[in-house]
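Protein chains: 2
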Amino acid sequence: MFEKLVEVGLLFDFYGKLLSTKQYNVIELYYIHDLSLSEIGEQLSISRQGVYDNLKRAENHLYSYEQKLGLVKKFNDNQNKIKEILDHINKISVHLEQSDYVIKNDIKRIETIIIDILKNDQEVK
Amino acid sequence: MFEKLVEVGLLFDFYGKLLSTKQYNVIELYYIHDLSLSEIGEQLSISRQGVYDNLKRAENHLYSYEQKLGLVKKFNDNQNKIKEILDHINKISVHLEQSDYVIKNDIKRIETIIIDILKNDQEVK
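Residue numbers (the numbering used here), protein chains in the order written: chain C, 447 to 571; chain B, 447 to 571.
Heads up, a few of these hints could be off.
List of simulated lysine-lysine pairs, DSS-like, C-alpha gap at most 25 Å [unchecked claim]:
| # | chain 1 | residue 1 | chain 2 | residue 2 |
| --- | --- | --- | --- | --- |
| 1 | C | K554 | B | K514 |
| 2 | B | K550 | C | K520 |
| 3 | C | K527 | C | K502 |
| 4 | B | K502 | C | K519 |
| 5 | B | K519 | C | K527 |
| 6 | B | K450 | B | K502 |
| 7 | C | K463 | B | K502 |
| 8 | C | K554 | C | K514 |
| 9 | B | K519 | C | K463 |
| 10 | C | K537 | B | K527 |
| 11 | B | K514 | B | K502 |
| 12 | C | K537 | B | K502 |
Over 10 Å on every C-beta distance to chain B, these chain C residues come out as not near it, computed from the model [what the hints assert, rightly or not]:
| # | residue |
| --- | --- |
| 13 | F448 |
| 14 | Y477 |
| 15 | G487 |
| 16 | Y498 |
| 17 | K519 |
| 18 | Q525 |
| 19 | I535 |
| 20 | L542 |
| 21 | D546 |
| 22 | E557 |
Quick caveat, the hints were computed from the structure, so don't treat them as lab data. Ideal Cβ positions, reconstructed from N, Cα and C, are used throughout, including at glycine.
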């Protein structure tokens with residue numbers, strides 16, 4: 447359940463604005479504010495079953511957006527690459543006083559990562 | 447017209463997969479394959495007016511997706527930042543044999559840009 451919560455939460459962050467207002471509210475109340483189906487039903491004046499149906503429809507939409515656009519996957523990929531760049535920058539700082547050889551290796555790696563990011567971003571298109 | 451072509455082309459790259467099949471085809475034939483409304487009508491067996499209506503609806507959808515998700519803007523912003531990182535990396539390479547002061551300044555700038563990119567990516571969410 448926790449994994450699904452994180453997963454839907456992330457999908458909601460990316461694609462929530464594409465949902466209808468009702469579906470947006472149901473997902474937000476269930477996954478972000480942790481309300482039960484009955485509590486959401488009371489708050490939105492719809493039946494518990496209505497809440498459940500809207501929730502499932504909204505989840506399906508979010509998964510379908512990710513299947514079509516893949517933004518969450520790309521976001522995670524790029525975050526990892528950019529964090530790796532930061533590691534290398536830190537290594538450069540540490541080795542600044544040492545041999546040029548070490549620095550050059552790091553710079554080479556940074557360039558590879560950046561080219562990777564640029565390619566990845568192009569593929570979003 | 448050229449600007450609109452580029453703009454719609456970029457929006458289509460990002461959000462095209464969210465359009466209906468008919469709207470996807472109309473945009474592709476008009477903006478990418480440069481067919482006239484009549485030619486598209488013949489190809490899809492719909493009236494010229496039908497093509498026009500679908501085209502306008504599809505364009506509105508694309509602009510509306512961008513207004514909600516802003517992916518094209520973020521993509522352009524990040525591309526500029528990553529290109530700036532590359533410039534700094536190149537400067538580091540050139541100055542490698544020179545004073546540490548120059549290198550340290552570049553590393554500082556790279557760190558600022560990377561933090562910027564990470565923040566920007568967080569805001570996508």
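Okay, the hints, checked on the actual structure:
1. C:K554 / B:K514: violated, 38 Å
2. B:K550 / C:K520: Violated - the C-alpha atoms of K520 of chain C and K550 of chain B are around 31 Å apart, more than 25 Å.
3. C:K527 / C:K502: Roughly 34 Å separates the two Cα atoms, so the pair is violated.
4. B:K502 / C:K519: violated, 31 Å
5. B:K519 / C:K527: It holds: about 21 Å lies between the C-alpha atoms, which stays within 25 Å.
6. B:K450 / B:K502: holds, 13 Å
7. C:K463 / B:K502: With Cα atoms ~22 Å apart, K463 of chain C and K502 of chain B stay inside 25 Å; holds.
8. C:K554 / C:K514: violated, 34 Å
9. B:K519 / C:K463: Cα-Cα ~16 Å, so holds.
10. C:K537 / B:K527: holds, 21 Å
11. B:K514 / B:K502: Status holds; Cα separation ~18 Å.
12. C:K537 / B:K502: violated, 53 Å
13. F448: holds, 19 Å
14. Y477: With a cut-off of 10 Å, Y477 of chain C remains clear of chain B, as the shortest Cβ separation is near 14 Å.
15. G487: The claim holds: G487 of chain C sits with its nearest Cβ about 27 Å from chain B, beyond 10 Å.
16. Y498: holds, 26 Å
17. K519: holds, 13 Å
18. Q525: violated, 6 Å
19. I535: violated, 6 Å
20. L542: violated, 6 Å
21. D546: violated, 6 Å
22. E557: violated, 6 Å
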